[in-house]
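Student: Listed below are the residues making up each chain.
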Amino acid sequence: MNIFTWMNDQLLRMQWLNDAVGAGVAAAGLDPASRIGASVQFFVYDVIKIFILLSVLIFSISYVQSYFPPERTRRILGGRSGIGANTLGALLGTITPFCSCSSIPLFIGFTAAGLPLGVTFSFLISSPLVDMASVILLASIFSWPIALAYVAVGLLVAIVGGTLIGKLGMESQVAAFVRNVPVTDSDEPMARAERVIFARDQVLDIVRKVWPYVLIGVGIGAAIHNWVPAEAISTLLGQDKWWAVPIATVLGIPMYADIFGTLPIAEALVARGVGLGTVLAFMMAVTALSLPSLILLKRVVKLPLLATFAGVVTAGILAIGFTFNVITHWFI
Amino acid sequence: MIIKILGSGCKKCVALGENAKVAAEAAGKQAEIVKITDFAEIAAYGVMSTPGLVVDEKVLSAGKVLSAEEIGRLL
Numbered sequence: 001m002n003i004f005t006w007m008n009d010q011l012l013r014m015q016w017l018n019d020a021v022g023a024g025v026a027a028a029g030l031d032p033a034s035r036i037g038a039s040v041q042f043f044v045y046d047v048i049k050i051f052i053l054l055s056v057l058i059f060s061i062s063y064v065q066s067y068f069p070p071e072r073t074r075r076i077l078g079g080r081s082g083i084g085a086n087t088l089g090a091l092l093g094t095i096t097p098f099c100s101c102s103s104i105p106l107f108i109g110f111t112a113a114g115l116p117l118g119v120t121f122s123f124l125i126s127s128p129l130v131d132m133a134s135v136i137l138l139a140s141i142f143s144w145p146i147a148l149a150y151v152a153v154g155l156l157v158a159i160v161g162g163t164l165i166g167k168l169g170m171e172s173q174v175a176a177f178v179r180n181v182p183v184t185d186s187d188e189p190m191a192r193a194e195r196v197i198f199a200r201d202q203v204l205d206i207v208r209k210v211w212p213y214v215l216i217g218v219g220i221g222a223a224i225h226n227w228v229p230a231e232a233i234s235t236l237l238g239q240d241k242w243w244a245v246p247i248a249t250v251l252g253i254p255m256y257a258d259i260f261g262t263l264p265i266a267e268a269l270v271a272r273g274v275g276l277g278t279v280l281a282f283m284m285a286v287t288a289l290s291l292p293s294l295i296l297l298k299r300v301v302k303l304p305l306l307a308t309f310a311g312v313v314t315a316g317i318l319a320i321g322f323t324f325n326v327i328t329h330w331f332i
Numbered sequence: 333m334i335i336k337i338l339g340s341g342c343k344k345c346v347a348l349g350e351n352a353k354v355a356a357e358a359a360g361k362q363a364e365i366v367k368i369t370d371f372a373e374i375a376a377y378g379v380m381s382t383p384g385l386v387v388d389e390k391v392l393s394a395g396k397v398l399s400a401e402e403i404g405r406l407l
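Just so you know, the sequences run in chain order A and B.
Taking my numbering, the leading residue of the first sequence gets 1, the next gets one more, and so forth.
Taking my numbering, the leading residue of the second sequence gets 333, the next gets one more, and so forth.
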């Protein structure tokens, strides 16, 4: 075994933790090979692993993000257009600190500054979809090729989706007041100590916000792993079923969860033989589109633009799902 | 003085409002705290990340929950 594999197994996948939890389960008098024992082991191991990774990742990523406040992103994107601007918007979406409750002021701020609608949407699509933390978690749970493939297709959806929305010329679909908002530029530089505090606060904030989703997600994952019959899953979501991807997408859209909560479910589904494309479609639908955020967006854009946004993203997710199901064997 | 808290009413906005109140009391100033939840009004201050803190029509911070001491220093 080479050093890289060892580091990946022990540091990212935390094999040692799984072994330790297994030993603990056995010491508590449960057989780790039994259903209950295996469920308990999966639950404890996954919860601890996700919280360790989450804290370390959010801290380091927030530190980097503190260099890219929305004001700076807006300056970088200002005056650009075309596919290059969409690509840049999608890339900046992955590193600008973003919370769904800020998406509306951000949309207004970008649009008022005259950024093309398509570029703003590229940013808004990629921001929740391709989070840097989620990439490393995907590598931990699956593998690096899958994580990188996820980033690539996530960015592709954001770039193509934004470009399409831009081409449709729906500028008139933005609520009128948005254009009349003054643009002010106020970002004071942060000192290193401030960045550390910012990063620490982000960790506390995100952990406080996502822990219920993580527990529920891991719980569902443990149930899928050990209790739901394999036939039931393959009948509904099996690789040979054409409807697997649409079902996963439709189930995922109204759900609102953090990527950290959906990963354990994804992990368990893949272990049960569900196609990689189906699982990616589910994760993307949960994170990129959610009813609460669509309802918020409704306040600044008119219905046709909102429907176009949801339609374009859904179509992108479906395409990714079908494609990855065909090429699953490249990855697993 | 009038302290405005910009934000859609999330937990962070509530926390910022409480801290501002404490800070104003500590500074011995009469302050009226106003919550601004309308997106058009929030955006009119040029704030892109909530919660925002506005004192007497001047934006003091955006996107973070300042502690009462930090607000006290800005007042």
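Hints listed in this document are in silico derivations from the structure and should not be mistaken for laboratory results.
All of these numbers come straight from a predicted model, not from anything done at the bench.
Idealized CB from N, CA, C, for every residue including glycine.
Some hints here could point you the wrong way.
[Claimed, not checked] Pairs of lysine to aspartate or glutamate residues, derived as EDC-like cross-links and limited to a Cα-Cα distance of at most 20 Å, are as follows:
hint: 1; chain 1: B; residue 1: 396; chain 2: A; residue 2: 231
hint: 2; chain 1: B; residue 1: 344; chain 2: A; residue 2: 231
hint: 3; chain 1: A; residue 1: 302; chain 2: B; residue 2: 370
hint: 4; chain 1: A; residue 1: 241; chain 2: A; residue 2: 231
[To be verified] To give an idea of the interface, some chain A residues facing chain B are shown, with a C-beta separation under 8 Å as derived from the structure:
hint: 5; residue: 177
hint: 6; residue: 183
hint: 7; residue: 215
hint: 8; residue: 216
hint: 9; residue: 219
hint: 10; residue: 223
hint: 11; residue: 300
hint: 12; residue: 304
hint: 13; residue: 307
[Unchecked claim] Non-contacting residues of chain A with respect to chain B, defined by C-beta distances greater than 10 Å in every case (computed):
hint: 14; residue: 13
hint: 15; residue: 83
hint: 16; residue: 182
Student: All hints are to be evaluated individually against the structure, with a verdict given for each.
Tutor: Evaluated hints:
For the hint linking residue 396/B to residue 231/A, the alpha-carbon distance of about 49 Å lies beyond 20 Å, and the restraint is violated. At roughly 46 Å between alpha-carbon atoms, residue 344/B and residue 231/A are farther apart than 20 Å, so this suggested pair is violated. This hinted pair checks out: residue 302/A and residue 370/B have alpha carbons roughly 17 Å apart, not beyond 20 Å. Restraint check for residue 241/A and residue 231/A: satisfied, since their Cα atoms lie roughly 13 Å apart, inside the 20 Å limit.
At a threshold of 8 Å, the smallest CB-CB gap from residue 177/A to chain B is about 5 Å, leaving the interface hint in force. Because the beta carbon of residue 183/A sits about 6 Å from the nearest beta carbon in chain B, less than 8 Å, this interface hint is met. With a cut of 8 Å, the hint placing residue 215/A at the interface with chain B is violated, because the nearest CB-to-CB distance is about 19 Å. Annotation: interface hint on residue 216/A violated; nearest CB of chain B at approximately 20 Å, more than 8 Å.
For residue 219/A, the interface hint is violated, the least distance from its beta-carbon to any beta-carbon of chain B being 24 Å, above 8 Å. Among the interface hints, the one on residue 223/A is violated; its C-beta lies about 30 Å from the nearest C-beta in chain B, farther than the 8 Å criterion. Taking 8 Å as the C-beta cut-off, the interface hint given for residue 300/A holds, the closest approach to chain B being about 6 Å. Because the smallest distance between the Cβ of residue 304/A and any Cβ of chain B comes to about 20 Å, over 8 Å, the interface hint for this residue is violated.
The criterion of a C-beta within 8 Å of any C-beta in chain B is not met by residue 307/A, whose closest approach is roughly 20 Å, and the hint is violated. Every Cβ of chain B is farther than 10 Å from the Cβ of residue 13/A; the closest lies at roughly 34 Å, confirming the non-interface assignment. Against chain B, the non-interface label of residue 83/A holds: every CB pair exceeds 10 Å, the least being about 25 Å. At roughly 6 Å, the least C-beta separation between residue 182/A and chain B is not larger than 10 Å, which violates its mark as non-interface.
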